[in-house]
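Residue numbers (full-length UniProt numbering), protein chains in the order written: chain A, 1 to 138; chain B, 1 to 179; chain C, 1 to 155; chain D, 1 to 185; chain E, 1 to 217.
Hints should not be assumed to be uniformly reliable.
[Stated by the list, open to error] BS3-like, lysine-lysine: derived pairs with alpha carbons at most 30 Å apart:
#1 D:K86 - E:K108
#2 B:K83 - D:K86
#3 D:K86 - C:K76
#4 E:K130 - D:K134
#5 E:K39 - B:K168
#6 E:K102 - E:K30
[To be verified] Just a sample of chain D residues kept apart from chain E, beta carbon distances all over 10 Å, derived:
#7 A59
#8 G68
#9 D72
#10 T90
#11 D96
#12 R98
#13 V174
Simulated from the structure, these hints should not be mistaken for lab results. We treat Cβ as the ideally placed atom computed from N, Cα and C, and that holds for glycine.
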Amino acid sequence: MAVCVSVIGKENSPLYVWVGSGREELHLHYLAHTGLDVIQEKITSVTKTPGDTRDLYLGLLYATEEYKVFGYTTNTRIKFVIITDAANTTLRDNEIRMMFRRLHSLYTNVVCNPFYIPGHQISSREFDKGVAALVAGN
Amino acid sequence: MSRQSMRANDPKKVSGELFTLTYGSLVAQLLKDYENVDDVNRQLERMGYNIGMRLIEDFLARANPGRCYDLRDTADKIQQAFKLYLGVSPSIGSWSPGGDEFSVVMETNPMAEFVELPEHCLGLRYSNILSGVIRGACEMVQLEVMAWFIADQLKGDNMTEIRVKFVKRLEDAIPAGED
Amino acid sequence: MAEETVFDFIHMEAVSYVFQGEKVSEDEAVSKLEHMGFATGYRLVERLTRESGRYKDELDIMKYICKDLWVTVYKKQIDNLRTNHQGVYVLHDNRFRLLTHMANGKQYLQYAPRYLAFTCGLVRGCLANLGVTCVVTAEVTHLPACKFQIQVQRG
Amino acid sequence: MTGLIRRTFVALDEEIFKSLYVALIRPHLEYANQPRRHCEMTIYNLYLFDRDGQLLYYAEWTRKKQSGMTKDEEAKLMYGMIFSMKSFVTKVSPVDLREGYMSYATNKYCLNLYETPSKLKFVLNTDTHAQGIKELLHQLYTQVYVEYVVFNPLCSLNKPIESELFATKLDEVVKQSPAYASRPA
Amino acid sequence: MTINSVYILSKSGGLIYQHDHNIPTLEHEKTFSFPLEIKLELQNRNVVVSYGQRDGIKVGHQLAAINGVKVTTAQLEDGRDAMQVLADEANYPINLKFTRPKLTTNEKIFQASMFYPLYALASQFSPEPKSSGIEVLEADNFRMNCLQTLTGVKFMVISDPKQSGIDGLLHRIYELYADFALKNPFYSLEMPIRCELFDEHMKSALEHSEKLGISNV
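Chain A extracted, bound-state conformation (with noise of 0.2 Å):
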């Protein structure tokens, strides 16, 4: 499935970053950060064309010849980046979608908990344990 997952907050630096075992790290660090550029460029372009659909969803954000990139926003200006394998043809669009929310969902769980304090790093065994079923597509 995946091979990354991030959560950037909303001064754009990131509070959990997942990355598939043997993977490059730093290069799919690079690879969401670039993907940050992108979702700004859509939600700013958004605003200026009424009638767009609003979808937090944003789709694909740009694709490389190794990986796809997807994008996500939260209205609380949090961002999610999950990156596949250019190669993997088997995840539709439709399931990104369902990633992201899932994802969405685990990240507002951690909020909610009152000892998280909003903008730190994410740790939370809870929100391991969701990330790791997400990626192994259970």
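Based on the hints, put chains B, C, D and E in the right spot on chain A.
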């Protein structure tokens, strides 16, 4: 897609989350105000006691449960109240042989739905307000009980369990000058 | 289910908690309540907006506060929303839920601010998480009606 | 009078009609009603005691005779009386009682005692013919006491009730009850 | 229908006559294992259920027998202390009999003296002028009617709340009182009424009323 049609959120569910989150903020504030976790536990119990004293009147008014002269009745009413106010159906069990002690067991605890205890507050009895509520509510219907947590999912237990023990039945107040 | 009752009582205890003890500064107590409200609102809005589309602009967000948020928390919509289009929004609630059990008129007027501080924080927390930095104040002249003023901080 | 309003104002909307009705017609009706209503009144007064016997609230509507004591003394004596009455009934009764409600009647009035499981005591004096008083007292508890005392953080549960809203709502519910203004001829 | 008992109070509040006509016996027996599931406590030297109402045994009921041995004022007939017997695990399983306590003569006199001020207060608290004292006192499952004569004697009848014809009965009792007590040259006012004829007539009046009560319902 219009925003309204996307609102799949169950409004009931959300309003339950409101008290869960409010309670979370309150506990966080107490931890900030007190240095000692035991003081927080005590304060939560006291708040619960105050709530219990008012909540029982609302419960009596809504459910019209009649009077309780037996601890099994009382346990049933507590179960009913958990359903009404917290939306969970705890099981009642582990009766002591003398029938004066029982457990209220929850599979999920709505008070602590999103909580993960940080390392430094492992001594915190996060949902201690519930034991206070039980004590306060019972006292208003002439029943002195003790209530305390013996298992908590936040601390790795399989379920959340509150123990309730009958202490004594309280008598009517005698009018001034007639005792 | 009667979960709104649970909220009412927890809120009631939160207020009496910050005012307990002998020498309590009103400002400090109110700011604790405001802070609890902020933390609650910040989290709550994260959940509430999970299924919504993205908001177009500030006014869109304010409308959301007046409708969806108010209905969720206070079981009714805001009765009237006004703005000067320069970052000031005034929300009128003619029967604010946390005051309806208290009085119809001026009795307990001096205590009313204590029961509004949490809500001011709640609104500020919601807005902060939605990207709108602001100051929220409340005013009551005749219970249970109440007026919340949101002043957006630009820049 | 209604005809007059109808004739004078051709295009009447409901709102205007209502306000005219209130201004012009109601006073007549009320005037006509007044003397009758006065003698029909069947709820005299109410005492509300907490579990410790403290008088939380007192209200009276058509009480014609005072006891000749201060309110304080009267309340103490009243609580003492209902306490003894409960004890008397429990002891003298040949069978087990269901707690919660009892009443006595003299040739002039009826005292009704409703006790909640939390031991609040509502004492309502009514006409001897009054019906549905138990239900009325239950209503005062659930719809007035619980709503406007229990849910009012500024009302202590163990202090006399000062809330004006409570007083207003209580008055409303009592006055709307059939027992307040109907006496079988 | 049922008429339970009759009380007559003198002008000064003394109990001058009492007759229990029909008092149901409420007894419940049950075998318990250790530890005891109901809470008992001593009240006025009797062992009374304070909590744990079940199988017909109610809070307020009194321990009447242990394993068939009668218990009075917390003592078994064989002299053992009831509370001690109950506390000893070796005595279990144990069979206990509970009854709704019946009033002793002393308690009846005491209760009668309690009613006297209640009657007077009811008149004092009246919101209307010139009120009598209590004429009817009612609770769930209980009713007491009271008739006070102009001379201040009170006749009280306790009956099932559905029993009819109590007013007539009270007047009949008043007549009997006049005929067999007042007109009896050996009867002095304020003193207990001890007169077989009065008793007999009373019984038949009560029986008559009970029968009438049925046909009227």
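Evaluation of the provided hints:
no., hint, verdict
1, D:K86 - E:K108, "15 Å, holds"
2, B:K83 - D:K86, "35 Å, violated"
3, D:K86 - C:K76, "45 Å, violated"
4, E:K130 - D:K134, "26 Å, holds"
5, E:K39 - B:K168, "9 Å, holds"
6, E:K102 - E:K30, "20 Å, holds"
7, A59, "12 Å, holds"
8, G68, "8 Å, violated"
9, D72, "15 Å, holds"
10, T90, "7 Å, violated"
11, D96, "5 Å, violated"
12, R98, "4 Å, violated"
13, V174, "14 Å, holds"
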